[in-house]
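*Asks:* The sequence shown begins at 1331 in our numbering and counts up one residue at a time.
It is worth saying that the hints were derived from the structure and are not from the lab.
Just so we're clear, the structure is a prediction, and the values are computed from it rather than from any experiment.
None of the hints are false.
Dumping the calculated SDA-like pairs for lysine to any residue here, alpha-carbon to alpha-carbon at most 25 Å:
{"no.": "1", "residue 1": "1701", "residue 2": "1404"}
{"no.": "2", "residue 1": "1707", "residue 2": "1696"}
{"no.": "3", "residue 1": "1707", "residue 2": "1560"}
{"no.": "4", "residue 1": "1415", "residue 2": "1393"}
{"no.": "5", "residue 1": "1713", "residue 2": "1699"}
{"no.": "6", "residue 1": "1554", "residue 2": "1706"}
{"no.": "7", "residue 1": "1415", "residue 2": "1643"}
{"no.": "8", "residue 1": "1557", "residue 2": "1407"}
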Amino acid sequence: MADQSKNSLFEGAFGRLVLPGIIIQSTLIGGGYATGREVVAYGAKFGALGWIAGLTIIVGFGLMAFLMFEIARRFRAYDYRSLVKQFLGPFWFLYDIIYFLLAILIISIVIAATGSILESTIGLNYWVGVGIIAILAGILNFYGTALIERFKTIGTTSLLLAYILFAILVISSSWGEITNVFATGDTSFAGDFTIWSIIGAGIIYVGYNLAVYPAALFTVKRQKTMKDTLVSGAIAGVLMTVPWFLTYFALMGFYPSETVFNADVPWLHMLNGYGLWVAVIFGIVVGWTLIETATGMIHAFLDRVNYNLEELGKQPMSKGMNGTVAIIALALSAILSNVGIGGLVSTGYTILGYAMLIVYGIPILIIGSYKIIKGVKNDESSKMSA
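Using the sequences and the accompanying hints, generate a full structural model.
*Replies:* Here's what the structure looks like:
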């Protein structure tokens, strides 16, 4: 009975409408806002006007989620190679290159953050922490889709609750400072900028996080209508942006402190003084984000490789091989993590964010939208002729 109820949960409205957003959000969290560094770079540095970047992000996330879900549903493109071929044609391999580089970069950033956070919060040796997380991500990719869906659903719920707890602690104790930032319109940390600079920062944030979207493609098989993809896209946009706003408002309580805003892990500084138990929970939460991010991005890559092998008439990779590839990818990311979080975020994310917008964002927005509109018209014509 318990197994039946679990299956009905994932196969019903929850699996069709909410689960895709949970999978994307859980993959996004590690590279998107786990440390707070990313929110500083792409919104919070603008102080009282940073919310404009947040609105740009929620609209961008929701729109891109809908477009991906609907194209995947219409063309049964349930791995990212099949999806990208729908709007890049013979140039689909460009996405492969950018995706791989971004995957390694995003995982590297979270590894660097997690290793140092686990070391400073619960006293776990940097490389021991990284090793434990690598093994867990390898195990999840070994057992595949069913375990990943359940792991991410439980994890994302726990992570959201934890971030809400952190935000409440910080925001409630610094409410006066937060209201003062907005009352005075303080934007001093960012220096000179325009409204378009803020919107552009939001667009770049959406751009580099486009790499996490394919992690949810395996869940789209449950979606049957455009209503499903519209509702699911909107839910995904909200789920992906709520933690961004929680982090943003928490950061405003310290604006424009260079100690916090120049830190590799601003959340650690914001939570300083709330007791060891908060630091321990934060260490566990960020460790979980790495597992979710690494698992989601590697799982999407493995799906793409296995689908290609099947197209060539070959057997897909074994469970053991899937787990091995996951651990190798994590090892490469761990080596790159030595560069440091600040440099990886400010330089790597911006460059690859523009690249992802060029090879994925703009094509799916223009060509993808055209194909969807054309498909809707064909559907209406079929109904009229019938």
